[in-house]
Each structure stands twice: as C-alpha cells, then as structure tokens.
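*Asks:* Required output: the full structure, derived from the provided sequences and hints.
Protein chains in written order, with this note's numbering: chain A, 6 to 360; chain B, 6 to 360; chain C, 6 to 360; chain D, 6 to 360.
Treat the hints with caution; some may be incorrect.
One copy or two, it doesn't matter: identical chains are merged, so the pair holds either way.
To be verified - In silico lysine to aspartate or glutamate, EDC-like type, Cα no more than 16 Å apart, as pairs:
#1 LYS304 x GLU262
#2 LYS93 x GLU67
#3 LYS26 x GLU71
#4 LYS26 x GLU43
#5 LYS179 x GLU194
#6 LYS304 x GLU199
#7 LYS26 x GLU78
Calculated from the structure, these hints are not laboratory results.
Number of protein chains: 4
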Amino acid sequence: MSGNSIGVLFRVTTWGESHGKALGVVVDGCPPNIDLTEADIQGDLQRRRPGQLSSTSPRQEEDLVEILSGTFEGRTTGTPISLIIRNKDPDSTAYEELRDIFRPGHGDFTYARKYGIRDHRGGGRASGRETVARVAAGAIAKKVIARQGIEVIAYTQELGGVAAQELSLAEIAKNALFCPDSKAAPHMEERLEEARSQGDSLGGIVTILVRGCPPGLGEPVFDKIDADLAKALMSIGTVKGVEIGVGFQAASMTGIECNDPITPEGFATNHAGGINAGITNGDEIVIRAACKPISSIEKAQETVDINGKPTSVSIHGRHDVSVIPRIIPVCEAMVGICLADHLLRQQALGPTGGT
Amino acid sequence: MSGNSIGVLFRVTTWGESHGKALGVVVDGCPPNIDLTEADIQGDLQRRRPGQLSSTSPRQEEDLVEILSGTFEGRTTGTPISLIIRNKDPDSTAYEELRDIFRPGHGDFTYARKYGIRDHRGGGRASGRETVARVAAGAIAKKVIARQGIEVIAYTQELGGVAAQELSLAEIAKNALFCPDSKAAPHMEERLEEARSQGDSLGGIVTILVRGCPPGLGEPVFDKIDADLAKALMSIGTVKGVEIGVGFQAASMTGIECNDPITPEGFATNHAGGINAGITNGDEIVIRAACKPISSIEKAQETVDINGKPTSVSIHGRHDVSVIPRIIPVCEAMVGICLADHLLRQQALGPTGGT
Amino acid sequence: MSGNSIGVLFRVTTWGESHGKALGVVVDGCPPNIDLTEADIQGDLQRRRPGQLSSTSPRQEEDLVEILSGTFEGRTTGTPISLIIRNKDPDSTAYEELRDIFRPGHGDFTYARKYGIRDHRGGGRASGRETVARVAAGAIAKKVIARQGIEVIAYTQELGGVAAQELSLAEIAKNALFCPDSKAAPHMEERLEEARSQGDSLGGIVTILVRGCPPGLGEPVFDKIDADLAKALMSIGTVKGVEIGVGFQAASMTGIECNDPITPEGFATNHAGGINAGITNGDEIVIRAACKPISSIEKAQETVDINGKPTSVSIHGRHDVSVIPRIIPVCEAMVGICLADHLLRQQALGPTGGT
Amino acid sequence: MSGNSIGVLFRVTTWGESHGKALGVVVDGCPPNIDLTEADIQGDLQRRRPGQLSSTSPRQEEDLVEILSGTFEGRTTGTPISLIIRNKDPDSTAYEELRDIFRPGHGDFTYARKYGIRDHRGGGRASGRETVARVAAGAIAKKVIARQGIEVIAYTQELGGVAAQELSLAEIAKNALFCPDSKAAPHMEERLEEARSQGDSLGGIVTILVRGCPPGLGEPVFDKIDADLAKALMSIGTVKGVEIGVGFQAASMTGIECNDPITPEGFATNHAGGINAGITNGDEIVIRAACKPISSIEKAQETVDINGKPTSVSIHGRHDVSVIPRIIPVCEAMVGICLADHLLRQQALGPTGGT
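*Replies:* Printed below as a string of structure tokens:
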C-alpha cells in the first residue's frame, strides 16, 4: 500500500533507481503452469530499449532480465516471480552538477520536499528507467491474458503535433515509431530531428487497444476497469491525460450521438471504448494517453537550487527527445497488468451464469 | 478489494441501489476529534440534489443523511463513520417495462454478463444515484483536509459545447450550473432546454481545483497522486476522460513550453497542474474531467432484449438532461477523498525533514 | 485498511458502537445468485443473543437484522450487501459513572490513549456488542462456503476449568452452552452460577471444526490459511490464544509422533489440524481459541480515573459471566468469513490442474 | 494480496525458493533518512544461520545480503528497499528421489493440490529457507521501531519438553540456544542430541517480548495488534499456536484473577500481555509461539507418491533437529515487521490528543 505495488490479485511491485545497482519487479499472483522463460520477457524489453531511433537516448542499456524465482522447469508455479535487470552502465558523474539543483518538470523538487532526501542521479526512483520493471511484469501479464485470447496493442497516435491519419495495425511493427500510418511516420521523425537540433523535446499521444476481451471484467463501483486503466496509465510519469472511447469528445456530443446502439450482432458503434458502467462489454477497449514532452532539455531553463537561490539549468547528456516511441511497450504493459488483475478477480466469482 | 471501497487509510465503502431501501457509506480511518454532525454533510447533498434546474430530474429525493456511528457528542472518535440515506421515493413501476431490455449506454448489458443477475430498477447499483454516498463521504474528507488548509473547488468548464471563457470563482455559487462565467451560463441553460425539447441529452467538462495543498502528497510510483485522482474521477460512471494541468494539450507542446520554470517565489507557470512525478508541488492542483451525455434519453434507440432479440427503447420518466451540474459536488467529493487519503499516508511517514 | 475490514475478496467491514444508534456490516465481494433473506441471518443472531442462560446478560437485545442492499428478489446480485441491526435498548445512564474511569481489562485506557476521545457508553466500539455484525456477515459467508460443501461447527471445549471429555456433535444443539459433552455441561453451568454469585467471571476454550473443506485453500507465505484464521479469531476481543491441530502440544512431541502419515485413504492422523504449509489438505480443520474471563465484574477492582487518580470500580448492570456460550457463533462467523475469502481467492487462480 | 506480502504501510514482500537462484524481499514504506547498510542486516542473518549448533543443519549457507535499491549514501530514501540473498549451495540432487513423493508434515501434498505443479527441491517456496528474507526485512523493521525506543527480544522458552525456569535476558546471547536459563540450556542440548541420534526431531516454544512500546498501537476491530501479531507468527510454517499474555491459561482464570489492576504507576500485573482491546497499553508485550518438530526426519514414515501409491520415506541429508534456535530471529523479525507497520499506521492519524 506504499505506492510501489499495483493490482489486487495479479500484484506487481517494482523497485530500483535509475543509477542504482539494479531494477526489478516481483509479480505475485501469477497463475501456475504458464510457460515462462527470460525469452518471453526480453522481447518487450528490446522494444523499450533506447538507441533504435536517432532521436532516442544513446545510453547503452542492455536490459537483460533474469528470472530469480517463481518458475520451475520453465513453468510458473504460482509463487512470486522475481525479475531483476542489472544496471550495466550507470555513469553518474554527469549528474554531479545537478545534485543541488531542481530540474524543471522533474520530481527533484517534490521528492526533496516529500522525503527530505533524494537520489539525484538520473532522477533516482522518479526516472523513466523505472518503467523497465513495468515492461518486464507486463510481459508476464500479457501471457496470462493471452490464455483467454486477450491481446493488447499500443501505437503512436500523435507526435509533436503530427497525427496518424490512417490506422494500419500491420504498419506498427514496421517503423521505429510504432506508428500505424506509414505516411505520418516520416513527418514525426522530422519533428523529432527538428526538436533535437533545437535542444528541445516533444510530447505525443499513445493509443492502446485491447482485443478479444470478454464481457464482464471490472468491479463496480470504484474499481471500474476504466478507473483502474486510467490509474495504471496515469501512473506513468509522462502521462498527463487519459481518455476512454470517444473521451473528451463525449463532452460535446448528445446522447443519441454518443450511445452505442445494440444489435444482435453486437454494438453498432464503439464510442464507449468497450466499457459500460465500468465493465467490459466485449467490444474493443480503446484508450488514449497524452504524454508531455521530455522534461530534460538542453535549452536553458530558469530554476532554483536546494537553498532556493535562482539559477539556470541546461541538461546535457543522454536523454530522449520524446517518450515516444519507448513509452509504447510501457503503456501496453500497464494495460496488460490491469487486465490480468481484473481477469483473476472475475474468475474469483466462479461461474456466474452471466447470459 | 471487491471494488466498492476506495482509499488506503481514509477508506470509503459505499453500498446501495437506486431503488433499494437505502444507500450509504462507511468511512473508516477518519481521524478523531473532528467536529461532525449531519449538518456538515447535508449541505453537499443539497448541492447534488435534483430539481434545482428546470433541466434536472424532478425526482423528489430528500436525501437526508443520518450518522449511525463513529461520532460521540458531536466529534469523530476514530471509529468507522456509517452514514445512511434512505430512499424516500423509489417508485419502480416505470422500470418494469425495462426489466428485459438493455438500455444503450447503461450498464444493463455488462451487469447481466458479469453477474448473471441484475437489479434493473433505475440501473440498480450502476445508477448515478450511488454518488449520493460519495458526496456524503466527501463532505467528511473535505473537513479532514480543511484542517490543513486544503480546499477543493469544482465548476462547470463546458456544457453542451458551450465553454466558460472567464473564470470567476465568486460566480460559481451564483448560478445553478456552478459556472464561473456569468455570460456563458445562460447559453448553457439554453442548450439544456434545447436538448430537453428534443428528447436528447448533453455532455460537458468539469474542472476541479485544489487550493492550499502542501507539497509532498502522493506515493511513487503507482500511487502517484495524479494516478489516484484519475482513478477517483474515472470511477464516476459518466466520466470518459481525465487530464491534469495542461493535459492533452501537453502532447503538442515542446519541453521549453511545457516545463514550469522555478523561481524563489514558486513556479512561474502551472502547466503541471500542481503535480511533479506524482507528488504535489505546492501549486494549485488543476484537473479536468470529461462527462458523456446522460444515457437515458427519450429519443428512440436501437437495442436488444435479454434474449438478444432486436427492439427499440425510448426512455421516459425522471432523468436529467446532463450530469452537469449535479456531478460537480461528486467530483469535489472524489478529489477530497483522494486527498484525505494521501494526507494521512504522508503523515504516516512522520517528520521527514523535507526542505 | 483502517482496521474495520477483513478479507481480500470476501470483504467484511463492520461499524457501530455498543450504545450508538445501530451496528452494521457491509459485505463486499459476495458472489451473485445466492438465495439470501433476513431469515438466513437471523438464526445465527438468535444463537448469539443473551438471555438464554441464567448466567448471560438479561439485556433485551432484539437484534433484528435488515438487509439494505445487495439482493434483488431474494438473491444476491454481486453488489455490496449492507446489513443493519438497530440498537433497541441502549440505556446508557448506568455508564455515566464510568465516564471518567478506566475499567481494568477493557479498552477504556487504550482507546483514550490512542484517540484522545472515547465513547465510554458500554465500551463503545470496543464492546463485545460489535460482534453482532460479525455474526451477521458470517451467516452470509457460511452460505457461500456451503455451496462447496464446507461446514463450520464450533462448541464449548472448556468453561471455568471444566473440560468437555466427550465429543458428540449431536449434543451441541441440545444445551444452552453448546457443549458436546452432556455430562460436562451441567458442571459448567454450576461453575457459572458459582462465579455469578461471587461477582466474578470465567474464561473458557472454544473449538472450531471445519468439515468438507477441499484441499488447496490458503495462500503462501503470509496469507497461510492458519495465519488468517489465527488473525480472524484473535481479532475477537476476548481471545488470548489460538492453536491449530495439536497446537501447543506439538512443542513437546517428536517428529515421528507429530507428522501425519499419508495413506491412499488419506491422512492416518490429524495432528496438523487439516493444514500443511498454510494450505488445507482436505482433512478436518481443527482450531481452538482461548477466551479470557469477562472483564466486567462486580468484585471491586483497583484502577485510576482519566486524571490518573487511584480509585476503585465495581461494575454492576447487564453483563455475562462468561463469553461462552455467546462467543460460539462469533467464532463460527470469523472462521466462515476467512474460508469464504480463501475460497474466492483459490477460484481466482482458475483451474490449476492440481492432482 | 496474493499472499507473499504483509503489512499495510510497512509492506514486506518476499520471494524465492529453497533451491532457486536467490531469495529476497522488497520492503516498501520504510521511512526516509534512516541509516542502513548491509551490515545492519547481516547480523540478524548470522543469528539465523545454521551450523552454530551440532544439532543444526550443516548446510553452508553464507547468506550474504545485498541492498539493491532504496538507499542513497547509506540512508533510506523512502523508496522500496530491495534485498537479495543468493543461494550459494543449492545442491538439489539429494531431492531427486523425493520428486514424486509427498513427505509427511510438509507442504508437498498441499502445494501439488493447490497449484498442480511444485518445485520439489528442498520444499521449494514452502521451505523454512524462505524465512531468510523475513529476517532481512525484520532487521530494517527493528531499526524503524528502535527510533521510538521499541525493542523486540525473543528467546527459547521450551525445547523438547525442557522448559526454561529462570528468565535472565542477559543469558540469551550467551548460549547457542538463545535460552534465558543457563541451567536448562544444557538439558535442551541433550534432548537435541538424543533426538538426532534417533533420527527424530523436536518442537519447542518461543517467547517474544516487546519493550518500550508506547500505548496506542493497533487498529480496532480486525487489525487489533494481537490479531496481526498472531497472523505474523502463525505465518511461520512451523508455528501451530500463538498466545498473548497469559494466553490459554486465561481460560481457567476468573475475572478478578485475570484483570490487571491499574495504578497511578501503571498496571499492577501484566496478564494482558501489554494489549487491551487490541491496542498496546504501554506495558511489555508478551507473546508465545508453539513450534512443531521439524517434519524432515530420518525415521521411516508411511506416505504415498503423487499417484497415490503407498510407500515409505526416510529423509536424509541436511536438516535441523529443531527449528529452535534458528527460528528465534525469525520470530523477532515478524514481530518487528508488525510493530513497524502499526507504528506508521498510528502516525498517520496525526496528533490525537491521547491523554
């Protein structure tokens, strides 16, 4: 309950700092008898890795995951799965000059105020590097839900103001930006290069789809599945907004426009994003998450030091221009974790006779 | 953990159905020695009541709250506070014809699929009426945080496509729509009348501000305060999107535009909405929640019955044209509950020496 | 998490004080489609009622339960079940003279120190009366587990030093002491009369059996089912010790004596009390709970008032001589609640292929 | 909530199997600014190590702990503390012959039935080796409570039927059995030797004292501190009974004998074991835990294999004759963890004005 765990039955606890010895995660509640080796997890970690795009961080994180517990002869046993990713390249000297300075947009100031102590190296616990543990746990979650035919797909909806106009899922894996629009992708890359050259950074929007989800997942009234999805995504440091289905657009629709007519073949439209009254309706779940620009930029910024004295900061060194595309597998992971948890919670009810 | 509770230390559990005997809430974890009588709660229930606007439901809910436990001689004792609101006017006959029909946009279909049984009367547990218990609990939460000088204010940002252009907090209490723009309010009312006459409904956007919040609230990494706020608001049935600070707008900003410079006097801007890395920074918290149009409309809608047979439904009877303005105190309540919880969680750390 | 709830998936939250308006409980997580009316609950409340034995409290508690939510047309719906028992006879005047005095053995002193305020009337929240809500919730729990053939039976093992020598389950319902030994029961009653006449009180031991429990319930490593049972029983104010199977006797046994040999027909003995490594093994679960004597006695006791001034207290009025037999249904309830919770938790795993 | 975590605010999650790569623990919720290095933890691990007594397991576990996260420059930061203890000597070949056999007294049968799969090597997750992680977490917990002057001391009360008659705390550290009676200790060792020579094992009783605990810790009504202590101790695989204060003896006392008179100087006696109504009263907390004999014995035992076929098993190899004395630091750890959690929970209330 101290903030570093999520999920009730599929319970994920992450630990580790950006420049500490390692990062890791304990997954408690994973059902037994699921095939699981490091290879099942490594793939998603690769997708999250930097250095695949000229605009992403050149930091050479190998991010090799090791399973320390919870499997036996290649299968899960129902006991907690402990995963560790050693930090191979934690050069902290570049951060020494930031030891006493609060970087705008980061958690430097708030961690100092909350705890009276902080690991300033690379943002410590507040670093985006923490998400490596989420992705590892998400890979397991996705295996759990895949047994029920549930699949999570995330892609770049918008980057630096350039929106994907077409949605071709086959396209996603074909470009480094996980963009479903082959024409928009190059424009996005241009925006990234432009921002990089200006020492600035960019935000974007990620869309996450869930396919094959059965009706019935989600617990009224507070643990609605959209509520838990919103929390799961908003818990990613970069996310400043979450919407389900038509989302904010719903605010300017009328009831007859917004409601999804029901037919014997299913819902005629999917404005609800696959969720009614907090419970999945069997249709595709559609979520969008808005990501702010990376806070670390070379452009000089006004700030104060830990004594409140005004100063200026220009952040050099290794950092991405945008959390996109590396945030894509993180979003998938969080949605997967949320769904795995709700799947187990629904199973707990036993057969309900739902028609 | 079964979905009807929220909060770790300030723990709120609601119960009750739209047309059951009563609705209520148990608030566990409220600190002792706080003055509390029914009058402290009744005010917020009045603000949530229908019938104050021509476009809101004429249902005569008296919504009188009774404190059943947890206080002694007018003060809280630290033991659970049980509140009950009896249903005075639960005429269910109008719903009899809907017993076997799934209303589009409602939880009828999903509850049936999840549980294999549902109380069809007025939406049962999925009814917006459930929020009366949230508002009651929220009134207590707001007393808890008020002791630390924290105040929650919600208002109508947009209704039926009409946006408030000016923000005058003094204006909010002066109109039935809780709109901070005296010029926009009449236009919003016109839109409501228009939609009512068409048998249709409207959505809108609520803004919630938190003032006087100290830095340090929020628990990394999953229980970030923005993550918990997003969950708290998204758990309201009508909400389809939540954003913090600049929210979705952040997606098209650059780093230098989005980061809030820090000065000895505080943050120069507040694009972050008062939260960095999931922890409050002492600035005003700014949240927006997108509400979909009311699902119950008179206009005929295509749907199916419980046997999957196609049919048409036109919903008459008592229902609002928009959740706005009645959702305003509900949003305040959820934000208040979330903050009370995080306030206690921060207190648990003891003095931290935060500078 | 604030102490007034127990269970993860079958979640029970009680509220109410001895002399408040009412006591009650919210049961969240009860599976849908279980027949449930007040009559299903009232029976256990009757068994807990005072006044059936000359030595029990003459207080006329009617203890009529009302179901306020969570059922529809006589069946559970999966939504929270709210139960209320109004206090019909809360005459508090007798407690006025105790307002400023700490009664030995009670929670008067500790509540005052913890909260800085306390409802002194009848012990407030710390009163044994709180268990009425547990019994009500337990009645529902027992219905949940009965669907899987699990039954909970509690009886008086020992009272005032008189032990039941024979174990005839058929005998339990035949005497007011729920004693399985028809010869011991009258001796126990004599001890009660003797203690009453001396203005003193008695302790005892309760045995709780669980029959028909399938193997596999219990979650390693902290939520072992014996750990959760111990907590559930020790949370009853009067219980000072809990043991499973041979319990404390195990301390002086050797391995060959204590281990239960396994045969194709099952375990040859049941020293383990039906639990191995925290998981049920399919054998009968055997638990014993030691109850201290009632703290309220007429005999004069040395104590202090709230100002620390020494004084003497002699407690008159309505109180039992022993928590036995009224604690019997409370023990059953707590064990039932614990089992219902673990049953749902095991169901959450889905089919495990356990051989 | 999946069983491998304990505590609400001071939250301990253990992972690892007896013959896996490593065991470990994540401690979430530890307050910041506490000095912490491996040396603070290693001491307790040494006390738990085997090989210090001729009767304990000769297995050479080095049990070196490594702090992977949560500290910065030797102090805790408020972020999760991840500890790992690598398994240096996990020779599993001796267990190969037990792969298909259910050892009596162990979790072999129940794990197989619960999960349909089990790591048979050394008991897998059900091994006593799991407690190494508890001891590591307990060392941190004890530092947290030591800041408030709270100290936990455990000792051997009884072993193989030989009881300590005298209680000299100074004696505890002087003998390998942690026995407070210098005359009883040699008799206990004799019993151990005797049992070893017979291929049998012994049980015992551990007493745990808590000194310096302030009044007010414990949360009514389910999270009473004695309820949580009982759970914490009963979650140790070997423990079959727990009692507080006079414990089972209370059952045969009368009220006037059992109640602790209150004087201006404090409680005249301590039959309650420092806890009234589930809340600490400032007196010494006294707990006893009954431990069963080690289940692994050389003496031949009747059992079945995984196909239900009868067979006989005689367990050779590395195992202790009794969990005493190695369980002593484990008991201390569990009590320390429980108290640290309740200390933070009480702090969450803020100043209560308790008199």
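*Asks:* Taking the hints in turn, state whether each one holds.
*Replies:* Okay, the hints, checked on the actual structure:
In this homomeric assembly, LYS304 and GLU262 come within 16 Å of each other (Cα to Cα) only across copies, at 11 Å, whereas the closest approach inside a single copy is 45 Å. With identical chains, the CA atoms of LYS93 and GLU67 are at most 16 Å apart within one copy only, with a shortest distance of 7 Å there and 26 Å across copies. In this homomeric assembly, LYS26 and GLU71 come within 16 Å of each other (Cα to Cα) both inside a single copy, at 14 Å, and across copies, at 10 Å. Proximity of LYS26 and GLU43 under a CA criterion of 16 Å is satisfied inter-copy only: 14 Å between copies versus 20 Å inside one chain copy.
In this assembly of identical chains, the alpha carbons of LYS179 and GLU194 lie at most 16 Å apart only when taken from the same copy (14 Å versus 50 Å across copies). Only within a single protomer do LYS304 and GLU199 lie at most 16 Å apart by alpha-carbon distance; the minimum there is 13 Å, versus 51 Å between protomers. Taking the closest pair of Cα atoms, LYS26 and GLU78 come within 16 Å of each other only across two copies (13 Å); inside a single copy the shortest separation is 28 Å, beyond that limit.
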